[in-house]
Amino acid sequence: MADHILTPSSAFMDWHPPATPKLAASARETLTMASFAAARGKEQALREAISAAYGAVLPKSAGRVEAGGIAFVWAGPDQWLAITEHEGARDLEAELKEKLTGIASVVDQSDSRVVVRISGSRARSVLAKGVPIDLHPRAFAPGSVAITHASHVGIILWQVDDAPTYEAAMFRSYADSFAHWLFEAAAEYVSAQP
Amino acid sequence: MMKGQTGATGRPHMTSTHYSIFSVLREALRGHTGWGPAWRNAEPKPDYDVVIIGGGGHGLSTAYYLAKNYGPLRIAVLEKGWIGGGNVGRNTTIVRSNYLLPGNIPFYELSMKLWEGLEQDLNYNAMVSQRGVLNLYHSDAQRDAFARRGNAMRLHGVDAVLLDQAAVRKMVPFLDFDNGRFPIHGGLLQPRGGTVRHDAVAWGYARGADRLGVDIIQNCEVKGFIRDGGRVTGVETSRGLIGAKKIAMAVAGSSSRVAAMAGLRLPIESHVLQAFVTEGLKPFIDGVVTFGAGHFYISQSDKGGLVFGGDLDGYNSYAQRGNMPVVEDVCEGGMALMPRIGRVRLLRHWGGIMDMSMDGSPIIDKTPVDGLYLNSGWCYGGFKATPASGYCFAHLIARDAPHPVAAAYRLDRFATGHAIDEKGMGPQPNLH
Amino acid sequence: MRIACPHCGERSLDEFLYSGDATVKRPDFAGTTAMDDFVTYTFERTNPPGPHRELWYHAAGCHAWLVVTRNVSTHAVASVELARDVALAAKSATKDSAS
Amino acid sequence: MTAAPIGYGRQSNRLASGGLIDRSKTLHFTFDGKTYAGHPGDTLASALLANGVVLTARSFKYHRPRGILAAGSEEPNALVELRDGARREPNTKATVAELFDGLTATSQNRWPSLAFDLLSINSLFSPVFVAGFYYKTFMWPAALWEKLYEPLIRRAAGLGRASDDADPDTYEKATAFADVLVIGGGPAGLAAAQAAARTSARVILVDENAALGGRAVDDASEIAGNPAHEWVKMLEGELSRNPEVRILRRTTVFGSYDGGTYGALERVSDHLPHPAPGAPRQRLWRLVAKKVVLATGATERPIVFGGNDRPGVMLAGAVRTYVNRYGVVPGQRVVVFTNNDYGATTASDLVRAGADVVALVDSRPEISDHVYRITNETGVRLISNAAVTDALGKRHVTGADIRLGDGERIELACDLIAVSGGWNPNIQLTTHLGGKPVWNDRLHAFLPGAVPAGMSLAGAVAGDLTLAKSLAGGNAAGSAAADESGHKAIAVPVPTAIAESDAVTPLWRVIGYKGKAFVDQQNDVTEKDIALAEREGFRAVEHLKRYTTLGMATDQGRTANVNALAIMAELTGRTIPETGITVARPPYSPVALGALAGHHRGKSFKPTRLPPSYRWAKEQGCVFVETGLWLRPSYFPRPGERDWLETVTREVNTVRNAVGICDVSTLGKVDVQGAGAAAFLDNIYMNGLKTLTVGKCRYGGMLREDGILMDDGTVARLGENHFFITTTTANAVKVVQHMEYCAQWLWPELDVQIVSATEQWAQYAVAGPKSRALLQKIVDPAFDISDSGFPYLGVGEITVCGGIKARLFRLSFSGERAYEIGVPARYGDALIRRLMEAGEEFGACSYGTEALGVMRIEKGHISGPELNGTTTPQDVGLGGMVAKKKDFIGSVLGKRPGLVDPDRPSLVGFRPVDRSARLRSGAHFLARDARPEAANDEGYMTSVAYSPSSGHWVGLGLLRRGPERLGEIVRAYDPVRGADTLVEVVSPVFVDPEGGRVRG
Ligand SMILES: Cc1cc2nc3c(=O)[nH]c(=O)nc-3n(C[C@H](O)[C@H](O)[C@H](O)COP(=O)(O)OP(=O)(O)OC[C@H]3O[C@@H](n4cnc5c(N)ncnc54)[C@H](O)[C@@H]3O)c2cc1C
Ligand SMILES: NC(=O)c1ccc[n+]([C@@H]2O[C@H](COP(=O)([O-])OP(=O)(O)OC[C@H]3O[C@@H](n4cnc5c(N)ncnc54)[C@H](O)[C@@H]3O)[C@@H](O)[C@H]2O)c1
Ligand SMILES: Cc1cc2nc3c(=O)[nH]c(=O)nc-3n(C[C@H](O)[C@H](O)[C@H](O)COP(=O)(O)O)c2cc1C
Ligand SMILES: [Zn+2]
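Chains as they are written, first to last, in the working numbering: chain A, 1 to 194; chain B, 1 to 432; chain C, 1 to 99; chain D, 1 to 1000.
Looking at chain A on its own, in the form it has when it is part of the complex (with noise of 0.2 Å):
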């Protein structure tokens, strides 16, 4: 059986990331993610099943926290998606399911979504040219999501650092649509590119 293991693959066909300090991009597709929904009345259980089981206060509305290896994001009215690095090591769905029994539903979406990541002094210019939203420290911040569109494609934003650096997460198939789009919105601050 060992040589028919299946291997995971790209979601990008066509991938050639700015690597400056002004701009850099890097997918993220080794992700571990579920969606949890609250069951109807049972809001207040499962924040505090969360709470109990990972020591995170669930983001009322669109933010995001990080505890014990997981990010909790925002990820619509009374739904949430937990990521996690670690990529085979951990069944997110299957462990939430135990802890949420009852009080959540529970879906895998590891391969619903793949993440994107772009930071450097440019990251804010490059994302207004797809981004509607206001990207200013002021108004988004570490921690802030939001459910948006970046050129046509859906995303869930939100920003991980100051430096900065933010995260795009767009449901699989329309990576490569995304990408394309972001290396001729950055072309105008990097150089030639490989």
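Accuracy of the hints is not assured; some may be wrong.
Okay, derived cross-link-like pairs now, DMTMM-like style, lysine to aspartate or glutamate, Cα gap no bigger than 20 Å in a straight line [stated by the list, open to error]: (1) B/K282 / B/D302; (2) D/K606 / A/E184; (3) D/K886 / C/D28; (4) A/K60 / C/E10; (5) C/K25 / D/E150; (6) D/K805 / A/E184; (7) D/K895 / B/D412; (8) B/K282 / D/E150; (9) D/K734 / C/D14; (10) D/K777 / D/D682; (11) A/K42 / C/D85; (12) D/K895 / C/D36; (13) D/K885 / C/D37; (14) D/K528 / D/E542; (15) D/K606 / C/D14; (16) D/K895 / C/D28; (17) C/K95 / C/D28; (18) D/K886 / C/D36; (19) B/K80 / D/E150; (20) A/K42 / D/D751; (21) D/K885 / C/E10.
Covered stretches of chain D (in silico footprint by chain C; criterion: 3 or more residues with CB under 8 Å from a CB of chain C, positions within the stretch not fixed) [to be verified]: (22) 744–751; (23) 889–895.
In short, the hints are calculated from the structure, not lab data.
For each residue, glycine too, the CB sits at the ideal point set by N, CA and C.
The hints should help you fit chains B, C and D with the ligands onto chain A, whose structure is shown.
Below, chains B, C and D with the ligands without anything else, positioned relative to chain A:
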């Protein structure tokens, strides 16, 4: 009826009432001082046989055909602003009869025929220009849907030609055939389709109706109906009460508002549609091209401006203007279809209020209120209908029975399940 | 036009889809006048020129359905509520009045 | 460069010093093939004037010689084709085109040359070509309109030529947010930006020009005791050091939109020969601001007189701009013609620049001290209570005819007539949202009425025409805007300015002129055209506009409209406010379509969604097809296959006889959970789902509320409260939206959670008699997929290939034993490779949407063409599925008479009577002997395929009372493709009607 008229300024009408190159030449010799008003600026009389509300294309053509085909009648057209200021004066001027459903085709084909004889009929050159309407298709499924439409047209005796890619390339070589996101496989062409100079339609019908004695009363807003039992007997207007035996509504985007004055709720939402014109260019687009996959259509006016449009803005509106998302969406469609227009500049964009019906098709019918007639639901396609709409509405008003080609445009068709839904979008007006 | 989604904050028009009149209520399918009621509910609209309560969907955002009160002659947005809250309130109101 | 052409390098009208150009650098450019020189800081117009070029264009209708009237974006005359080849830009205003080295410009709308234009013959016919003449002529004979008249009209249409090639440059769009947006970088805007920026507010300052300063620099005014440009520089320094300030130069705010959104166009690279690598040509900005200070200034208006369109007639303010900003004197002998106190300033600037000001002709009988003082100081001859009636000359001005107060006429030789009729505030951005301008009797101009929410006004646009008031007004507006946006204002001192006078006495047109007097110069609308319109009843301003085309040219009548309506007011005896003003619309200045499209052209018009097997399929030489945004494998040609039909036939045969694999990941997938999930689905599906057992799937259909089919798909029950549904590819997004609507609005009390899972799963159909054998090699041994363990319509959560979690469904669209296997999408590529490898021994092939379509047609399954938004379940043979007792969406209206009419066309199958004939969908059905006319139309063919299983073409279609007519022969009539085929009405199921193969 034409004798002894005087213009609003009191000047007598002089000789130049018939339009022709000869009258123009004669006038040229005397500094064009002999032209009289194209239509009288009439004052309201106390009552009429028929009062038509709305001095748009449909109201004016209704008046014209009523007077012409069913006269003598005392007819007034009441317009709240200046005639032609509504959708007839702000549309993208496409005329065609390339419809799909049997409820629609004969009606729009009658309209085409009336367009074809309009200049002679009205003695007014509305520049009916039949340079063809081409609908592009981008997949086999779309080709077959267009074939179904083309065949339906042919069964009704309407011209329709299905073109393959090579034929389209020959007609409009500058479309993006090779790098397009949605490949152009071909198109359905109606050679007799085309454009008509919008304002001239309103003015031509106004002049024609005026010459048949119709009173065209501008700056006269209808603000209510006078009722006698279940019947309407007149209208309250900004210029006083006006009595009428029959009252006909042709107020397009204002249909719900005016109907509400008679206590009616209609199967209509008012939506904004934008239109666009570029700076004048030497002509390079001959006919009309529509790009379904890109929600974009375009033609070039006889002045040289590219006239184009796309989707509705999508929300209810009475504001006659739209917003940026659709402006961008439409121009994206334009660039995707014709990358050579990148440096051509948008000159102006505006909006009109569409009387979007629940199935995207019009209503020409009596209302539940006695004496009140309704002409509405034209959505973004009523300009091409202007002649037939007036023709059939006049028939309905005069005969109290629908004209055969407009018999499907019943108000009760939603209750009976006989919607005429060309696009198959269902009762969501902004999707039609 | 900008609409302040109660969840997401103020966003541009292009993230939302308009979806019709929010004042009509889906009738009871078992009522004796069900057919007439459904015809009215589905097809007839007041379509007023001033303030209008209408449904919008935050399609490119959080997927919430919203009840937006907006002046359709000026496009000025007066209020934005979550459709779910409005619907639940209406249901409990009818329940209260029934009991 | 060898022989220097005439004009080269000789900037005869350039002043030795002054202006804000960089004389240390020389730029070369060509106009109509001749080379000239200019300097950085020049516009094409200023450089042409520096070189003594006054004839720049021909007019639209009469082909009259035209020069340069203005110095900004209001220019009606000096339109050129800028650049060439793919970058050709027609109708470019020379007054806004910045000079760069190598610029090429060509005059337009003339033949054979600008100086000698044969079409100026039109001018001879001008008595005929009056407003509206088209409508009165070209009617007879009717046949000639299409063949002769209209082609002639179209030949004369337009001005410049669009490029023949695709635009080679890129464009982009961006969004920016501000507390305070200041529109206009003149003294008022700069003062506003400074005051706002001194608070903590985020400020965006936008100006159309390359350089800030507005009229203060044009007029070489003094601010705070220094030349205005020094103050501007100081302020620019202060603003650019502030990190919360963004200055957008070369950026025009072109439109006001709802909700504090403004559209702006930044001309990033238009001042360069071509964009720098990676840089766009232009950038479209969506500016979103809490508060806006509008400081767009005012546009000078001309006075209408005879020959007022002759090259050498120029707006007085423009003359000052050329002198003060560009160091160019546009004429040597100048007559200044004015009705206001600003004319004198022009005279004095010209005198200072060394020009000979022949006379200051002031129409006012009473002359102010200000004017007296200046004429005394400069010695300029003042002729008051007089008017220029005609500009003399042919291709340029050679003199002015002047009528004095006593009626006497004098003629003065001159080469430039500088005219000022007062100022029209640039109010356009206040009216885009419906604000109505209000007439001001002191300034004789329209001022903004109601302004968009959040907007305030400063400077000339507010009617504060003088510099001192502009600075003070800007300062106050900037502070207030910052304050109202939540940033505490700090007092900023207002700089001083010398007192000016803005007195004006209206004069719209002179009487008694001899030549043609133009009101709208670009569209060749004369004063007489307005009189004609009045005579013919086109008296409403909007009628006037449309009848004469006044104000409809590329300048939108910015120097024409107010004069025109004033003239109409005079003619009709009404006041100007009674007469009204035409509606202004965006854009304020024309915007390139490329910029409005941005990135979204070519392949980037819309995103392309790639399915999980994309990379692999591409390697196989697959042909793809656009399905909505998806690119789906259509078929997989193999070497030696002659055409798609051969390929598809092979794929179908392989599935029917062995096994085939197809990527069906694009189908919408929705995870539905919650205690109310079953009840919820029961509300939205037409068939009952409550009875579906866990571990099973069921086919289901959804209706719209009007009883028409909306979508179909499968519903799998994974747990008591857990469902997994599929939708068609086309409707995936719509169905989720619909379900959210039902969950949030119609049935908010139900406990149901809806999550789209479309992209989580790479899902492959594995179909054919060998499908189980193939899967057996993939599915981990712990799972029983035998027919008893995993029967038809079963669903299970399993693992494959050694532990990869997967979902297996036993579903069939093809009519064969078939499965759908889903794995997490990142394994999709690997799984298809593994499936193909494992299938080799069975002769497996991959198949695409074409073969999929063939097999579903052979099985009579409906798809897009039948689900076309107008069919009921009964129409397509699903009537039996519709629940009778429960409420569900569409249950009531589906019973309307029109929808249950037995006469409706309903689904049946068709086969050609001549088995070798080809069928085509879109053909209409006619009874065998019926004539092809609408009355005999009985339905249409929805889907066809060559059926390898049947050995001939088969079709599905909707035929009136179809199911009652099996065996009948009808015509499939397809005139648009020249076909007319006899077909037999048959059952829509062509293959395995008993369904034995599906169950295995
Ligand atoms: C941007 C745009 C593009 C379009 N493109 C096309 C196209 O290419 N082809 C096509 O066929 N159709 C097109 N249409 C649709 C077409 O213009 C309309 O369907 C058609 O003009 C409507 O009929 P009308 O001319 O009578 O309407 P209008 O011209 O709107 O006439 C209605 C009149 O009623 C008046 N009125 C309203 N209320 C009152 C009252 N209370 N009292 C008195 N008067 C009142 C209004 O002032 C108005 O003048 C387009 C529409 C728009 C807005
Ligand atoms: N005394 C008088 O009679 C009189 C008359 C007219 C003007 N003026 C002078 O006019 C000036 C008034 O100052 P101000 O600041 O109000 O006007 P301004 O004309 O100096 O500045 C307006 C600026 O706004 C820019 N602009 C206009 N529309 C724009 C748009 N849509 N997008 C981007 N930029 C745009 C222009 O390019 C210009 O730079 C003073 O210098 C005053 O002396 C005086
Ligand atoms: C077919 C057509 C062509 C037009 N061409 C021009 C044009 O060349 N120049 C122009 O300024 N406006 C043009 N317009 C737009 C009108 O100026 C005007 O914006 C439109 O009729 C709507 O009226 P409103 O803007 O006054 O509301 C055109 C409109 C139509 C319908
Ligand atoms: Zn939201």
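Holds or violated: C/K25 with D/E150, Cα cutoff 20 Å?
violated (55 Å)
Please verify the coverage claim for the region 889–895 of chain D: does it have three or more residues whose C-beta sits within 8 Å of some C-beta in chain C?
holds (count 4)
Is the Cα-Cα distance between D/K895 and C/D36 20 Å or less?
holds (12 Å)
When you check the alpha-carbon spacing of C/K95 and C/D28, does it fall within 20 Å?
Between C/K95 and C/D28 the Cα gap is close to 14 Å, so the pair holds against 20 Å.
Take the C-alpha atoms of D/K895 and B/D412, compute the straight-line distance between them, and say whether it is at most 20 Å.
holds (15 Å)
Are the Cα atoms of D/K885 and C/E10 separated by 20 Å or less?
With Cα atoms ~44 Å apart, D/K885 and C/E10 exceed 20 Å; violated.
Please verify the coverage claim for the region 744–751 of chain D: does it have three or more residues whose C-beta sits within 8 Å of some C-beta in chain C?
As far as the region 744–751 of chain D goes, the hint holds, because 5 residues have Cβ atoms under 8 Å from chain C.
Hint check: D/K777 vs D/D682, CA-CA at most 20 Å. Holds or violated?
violated (38 Å)
With the threshold set at 20 Å, check whether the alpha-carbon distance from B/K80 to D/E150 stays at or below it.
Not satisfied, since the Cα-Cα distance of roughly 34 Å exceeds 20 Å.
Tell me if the straight-line CA distance from A/K42 to C/D85 falls inside 20 Å.
holds (16 Å)
Given pair status - B/D302, B/K282, alpha carbons within 20 Å
holds (10 Å)
Could you grab the alpha-carbon distance between A/K42 and D/D751 and see if it respects the 20 Å cut-off?
Cα-Cα ~10 Å, so holds.
Hints 5, 6, 10, 19, 21 from the earlier list are contradicted by this structure; the remaining hints agree with it.
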